[in-house]
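Throw the hints in and build the complete structure from the sequences for me.
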Amino acid sequence: MELQNVSLNYFSGGKYVHALDDLSLSIRQGEFVAIAGPSGCGKTTILKLVAGLLPPTKGQVLIDGRPVKGPQKNVGMAFQNPILLPWRSALENVLLPLEIVQPHRQQFRDNRRAYEEQALRLLRTVGLEGFTDRPPYELSGGMQQRVSLCRALIHQPEILVLDEPFAALDAFTREELWGVLQALWMDRRCTVILVTHDLREAAFLASRVCVMSKRPGRLVHETLIDLPRPRSLENTFEPAFVNLVHRIYGHIGEVRV
Amino acid sequence: MSEEMRRRLQNTVPPTATILLFFILWEVGCTVLRVDEFVLPRPTVALAAYFRWQSAIWPNALQTLFTTLVGFGIAIVMGVALGALIGYSALLYQALYPLLIGFNSVPKAALVPVFVIWFGIGTVPAILIAFLISFFPIAVNVATGVATVEPEMRDVLRSLGASRFDLFRKIGFPRAMPYFFASLKVAVTLSFVGSVIAELGASNRGIGNMMVIASSRFEVPLVFAGLLVVAAMGVALYAVFALLERRMVGWAYRGGD
Numbered sequence: 001m002e003l004q005n006v007s008l009n010y011f012s013g014g015k016y017v018h019a020l021d022d023l024s025l026s027i028r029q030g031e032f033v034a035i036a037g038p039s040g041c042g043k044t045t046i047l048k049l050v051a052g053l054l055p056p057t058k059g060q061v062l063i064d065g066r067p068v069k070g071p072q073k074n075v076g077m078a079f080q081n082p083i084l085l086p087w088r089s090a091l092e093n094v095l096l097p098l099e100i101v102q103p104h105r106q107q108f109r110d111n112r113r114a115y116e117e118q119a120l121r122l123l124r125t126v127g128l129e130g131f132t133d134r135p136p137y138e139l140s141g142g143m144q145q146r147v148s149l150c151r152a153l154i155h156q157p158e159i160l161v162l163d164e165p166f167a168a169l170d171a172f173t174r175e176e177l178w179g180v181l182q183a184l185w186m187d188r189r190c191t192v193i194l195v196t197h198d199l200r201e202a203a204f205l206a207s208r209v210c211v212m213s214k215r216p217g218r219l220v221h222e223t224l225i226d227l228p229r230p231r232s233l234e235n236t237f238e239p240a241f242v243n244l245v246h247r248i249y250g251h252i253g254e255v256r257v
Numbered sequence: 001m002s003e004e005m006r007r008r009l010q011n012t013v014p015p016t017a018t019i020l021l022f023f024i025l026w027e028v029g030c031t032v033l034r035v036d037e038f039v040l041p042r043p044t045v046a047l048a049a050y051f052r053w054q055s056a057i058w059p060n061a062l063q064t065l066f067t068t069l070v071g072f073g074i075a076i077v078m079g080v081a082l083g084a085l086i087g088y089s090a091l092l093y094q095a096l097y098p099l100l101i102g103f104n105s106v107p108k109a110a111l112v113p114v115f116v117i118w119f120g121i122g123t124v125p126a127i128l129i130a131f132l133i134s135f136f137p138i139a140v141n142v143a144t145g146v147a148t149v150e151p152e153m154r155d156v157l158r159s160l161g162a163s164r165f166d167l168f169r170k171i172g173f174p175r176a177m178p179y180f181f182a183s184l185k186v187a188v189t190l191s192f193v194g195s196v197i198a199e200l201g202a203s204n205r206g207i208g209n210m211m212v213i214a215s216s217r218f219e220v221p222l223v224f225a226g227l228l229v230v231a232a233m234g235v236a237l238y239a240v241f242a243l244l245e246r247r248m249v250g251w252a253y254r255g256g257d
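Protein chains in written order, with my numbering: chain A, 1 to 257; chain B, 1 to 257.
Derived from the structure by calculation, the hints contain no laboratory data.
It should be emphasised that the depicted structure is a prediction, and the values quoted were computed from it without experimental measurement.
Each hint should be verified, as a subset may be incorrect.
Derived pair list, reagent style EDC-like, types lysine to aspartate or glutamate, alpha-carbon separation capped at 16 angstroms [stated by the list, open to error]:
1) A:K48 / B:E4
2) A:K48 / B:E152
3) B:K185 / B:E245
4) B:K170 / A:D64
5) B:K170 / A:E92
Pulled from the structure, derived: some chain B residues nowhere near chain A, Cβ distances all over 12 angstroms [stated by the list, open to error]:
6) S2
7) V32
8) L62
9) V114
10) F119
11) W251
By construction, the Cβ of each residue, glycine as well, lies at the ideal position given by its N, Cα and C atoms.
Structure below.
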């Protein structure tokens, strides 16, 4: 996947906002990239460009060499809020993409059983066995976010786009879900773009951390994370990890001035 | 006492007590203040009139129930259709809303003579007034439900390549259901008001017509018996739709009481 010299301007509240400026970023298939930067630097905009929800003002976004023209069916998304449909059970929420995306959409009625099996298996891997028939409001925030991750993954997308997915959770739940996400990624090996404020989170999960400048956003630094996987929470207290986070922290400090 | 029973008592005892208290105050007030039966008959007198004229009241009451439900049925169909349209499209909303407000501002009672000229005296004007008076709240509520879908929720589906119709079917419509059922409870009582108003001047059947005849004969207790029957039917229909609401959109009330 490639973003080539992408710029994006938009009008908001009567003001002209220059969100991204000549940003180029290429991501290999199966790579896990984290994007960090000061708030309002256009991180979320990048995700919307990749998902085809916004067209760039200048430049282009390529996936497998083809320019992105509209919403992509091989993309899965999860946001800071789980945004589950309150009238559906956890299981039915996970099934939602299969009712929309081809070719599943066509076969959904005939193969409902098989699809439900698949969704249940996925829910089991994130530790939600026994909660699959509950409506979202009966689940804790962490559980809802797990459901949201399952929904983003159920249609086997090649690209997973995550917009601060753990920012609204308490520290313990957040770190637990790092492990869940790492396990899912090591199993699927899809391309992941993770936007986050949390540098420890970025360093724990990603193979590469990109730091963005203030608005108009552009890439100012990249750090490769070549720590062995699977990484454990214990690793995050080791000097190698701490030094890495410290270094990225320094880059963020530079762009904030 | 079980939790279930306690809750049931809590739901039934206070409303029953208030209604009984209301009638007792009415009865006692009329007796103590020596109010003439011709001005305001005591509830027991109205009740006596009800039993005396039962055979005359019921066919008329059923006629009113019939016109109410037919008018209400049309209002549901039209209200949902129009509400969905203007909730869905900002353009249609802009275009149609002023006109709708204009129509709704016309006192429905003022339309009765017009309908008599068009359709003659009988069932049709009553159905039309019942329809017109209850149509607006349904349309506005459905429109609100459809229009207030969270943008993030829309993004989740759009990123999967959902069509506009998919968005409506999977999110807009189910999300509007609580608004729809809330409006039904109000609309059904309005619908009653509508058909009785029409019957007062433009019908030779129905409870409204019966009350006009009774008052021209100075049978004031019978007039009040008619009012009580209308009120009782209104409460009964309200209860039916409140129950239906619980059944259909319990998720909006988080399953609790």
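Each hint, compared with the structure:
{"no.": "1", "hint": "A:K48 / B:E4", "result": "49 angstroms, violated"}
{"no.": "2", "hint": "A:K48 / B:E152", "result": "11 angstroms, holds"}
{"no.": "3", "hint": "B:K185 / B:E245", "result": "9 angstroms, holds"}
{"no.": "4", "hint": "B:K170 / A:D64", "result": "30 angstroms, violated"}
{"no.": "5", "hint": "B:K170 / A:E92", "result": "12 angstroms, holds"}
{"no.": "6", "hint": "S2", "result": "22 angstroms, holds"}
{"no.": "7", "hint": "V32", "result": "52 angstroms, holds"}
{"no.": "8", "hint": "L62", "result": "37 angstroms, holds"}
{"no.": "9", "hint": "V114", "result": "42 angstroms, holds"}
{"no.": "10", "hint": "F119", "result": "42 angstroms, holds"}
{"no.": "11", "hint": "W251", "result": "5 angstroms, violated"}
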